[in-house]
Structure formats: C-alpha cells, structure tokens
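**Student:** Sequence:
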Amino acid sequence: MKNSLKLALIQTEIVFKDPDRNLNHIRTKVQESAARGARIALLPEGCVDGYFIQDKADLTIMTPDDARLHNLATEGIAIFLPFAEHNPEMDHDVSAKPFSSVALIQSKNGATSVEVVSRKANLVDWSGRYVESKIFAHPTNPETGHKAQWITEVDIDGVKIVAPICNDAFVPVAFAATLQKFQPDMVLIPAASTVSKDTAGDQLADDGTISFEEVWDLELHSAAAYFQTVVAICNRPGSEQGQSFWGGSRVIGPLKDETNGHYYGDIMSDQPGTQIVDVPIDEVKTKLNNGRLDRQTVVSTHAPTTRVVSVHRGETELTVMHHPSPRGPATPTASPVVSARRTGCGMV
1 MKNSLKLALI QTEIVFKDPD RNLNHIRTKV QESAARGARI ALLPEGCVDG
51 YFIQDKADLT IMTPDDARLH NLATEGIAIF LPFAEHNPEM DHDVSAKPFS
101 SVALIQSKNG ATSVEVVSRK ANLVDWSGRY VESKIFAHPT NPETGHKAQW
151 ITEVDIDGVK IVAPICNDAF VPVAFAATLQ KFQPDMVLIP AASTVSKDTA
201 GDQLADDGTI SFEEVWDLEL HSAAAYFQTV VAICNRPGSE QGQSFWGGSR
251 VIGPLKDETN GHYYGDIMSD QPGTQIVDVP IDEVKTKLNN GRLDRQTVVS
301 THAPTTRVVS VHRGETELTV MHHPSPRGPA TPTASPVVSA RRTGCGMV
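When we follow our numbering, the leftmost residue of the sequence shown carries the number 1, and every step to the right adds one.
Rather than coming from a laboratory, the hints here were simulated on the basis of the structure.
Computed from a prediction, not measured in an experiment: that's the story for all the values here.
Taking CB as the label site, the calculated pair distances span:
id	residue 1	residue 2	range
1	Thr144	Ala96	15 to 21 Å
2	Glu143	Ala57	27 to 33 Å
3	Thr144	Asn71	36 to 42 Å
4	His221	Arg68	34 to 40 Å
5	Ser239	His262	25 to 31 Å
6	Gly273	Ser211	19 to 25 Å
7	Gly110	Asn24	18 to 24 Å
Using N, Cα and C, we set each Cβ at its ideal position, and we do this for glycine too.
Work out the full structure, taking the sequences as your base and the hints as a guide.
**Tutor:** Set out below in structure tokens:
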C-alpha cells in the first residue's frame, strides 16, 4: 500500500508473574516486526507482569532509565509498551504506588530513548474483587492535586499520536475529551479486556445483551468517524487467573479500505500472534485536513463544563491534561461530565 505506515499489533503471549520471560519474548516479537518493515509496535496492557496482580510487590516497577526498557529498543521501530512506572512519591512514602503507564521506546543511530507518554487515570474496580487502585496510583494535576488524565502527544514521522490506556479510552466522554484536545492522526490503545464473564469467573448467560468486544468496536468506530482519526487497539489474548481475554486487536479508520471497509487489516483472533497493518495515514491526512470538523466548538457547545468525572465506587475528579511535545507546562482542557457506573478495562 503506497504511503502507508506499518503498525505491528503484537498480541503477545503473557506468562503471569514472569517478567524476564515476557520481556525477552516481547523483544523477539518487536525485532521480528521491525524485520517485516513495521514502523510502530503496540503491545497489550499487562504485557510485562500480567494483569491480575494483587500486590504491588509483585509488579516489575521501572523508571524510564531502566536497562530492561532500553534493552527492548530496536532500530527503526517505535515501541508503545505498557509498564508499571516508578512514582517519585515511593521514594519517601512506603504506601505510595506506581503508575500504570505507557513508554515510548526508540532507537536512533544506536542511541536509545524511553519516554512516558501516558498514565492511566480511570483505574478499574471489579466490584471490589479486583481493584486497580490498590496497586496503582492515579496521576494528578500538580497545580490542583486533583486526579487527572495524563496524556502526552508524540510525533512519529509527522504523525501525531496519543496512547490512552484501556479504560481511559473505554469511558466515552473521557476518551472524547482527549481526542477533542489533541485531534491526533492516530490513537494507540493498549488493552486487557476479558470475555463476558463475571468477576467470580462464572460464564454469563447468553441473554442477547451486547458483548464487551462489540462495545469496544462501536466506540472505536465512533471515535474514528467523529474525530476523523485512525484508532488501533491491541488487546490481550489467552487467559489468566481464571479469566479469558478476547484478543481481537484491530485498526479502524475514517476512510474505507478497498477490502475490509473501515477496518485496516484483519480482526485478530483470541490467540497470540502479530499482525502488520498497512495504515494509509498519508491518504487519511490529505483527504481530511481540509474537511475536519471544528471539534472544539462542536463539543464545547453541547458540553460547556470543565471537568470529566468518572465514578468508581465514589466520584473521582478528572481533568484532562495537555502535555505538549516538546515538554511544557500542563494545561487543563474543558471537558464534559460523565458518570460511568461500570468501567471497561480488564472486566470489559
């Protein structure tokens, strides 16, 4: 495909609490993807340690200068890797917790770099059975101390990219506020979304209700269409701690592909694997640059409030933060209010 960007969706096989094995496996898959011409690699949430970690002591907590992250760097390919990021508060507070973050790992002319580009704000509560906030910290606005969305826009070969983590994309208005603020060319979503089982691991009855995978697909299509951007999700395959993940990684765009409509490439299965997707990013940008909606005006007209509120057994104030690239002071963006009783990562 002419003028395409090759994106590797790496549905890596993850071994619970075996970070050395997982990181070595990721490195192999990234190198294979680079050899096949991929410019960007996206990994699923929980790819280092697994998802259902109950104690922060079992997490592989790293800073951006950790050699294990730099060891993944491969010439010519930008890696978006979810990981447990060291929180500076942990240096003086034993009760402090790490962030659930995404690192952008690159190697250029032999020099490696690791940059944190996202910290998960909408931490998931599985009705008290598994609570992400017990092992991860909410990012905060340093000016107000309020819990805040923390997203950095990055530029890869002229393509503007944001990478919200799973539930930060699944909560619709939080996701819309992020897209409204940045108006990216591409959205990369690492996810750990399970099939339709309850939190005790019992299979739910097939009562005709919409599946979690269908909910994700609808939301991704909506984001691609309304915000006229390319949206990719890399979701976990396999199973862990009695829960199965549906995989199904995919790329959806605002322009139709000749073969698969708005899907660029195929919808992956629930098994481990890698798909290299030719994303027609130049065509998307060229055709849409002069026809994009003034999304700031459209959204603000209908929702002129100043906060995103997501409910996780009590209200949490979330202000979407803009961290421009190159780095600069964070500035909050106007966002609507959303009340979400059930969240969408892990259990969704």
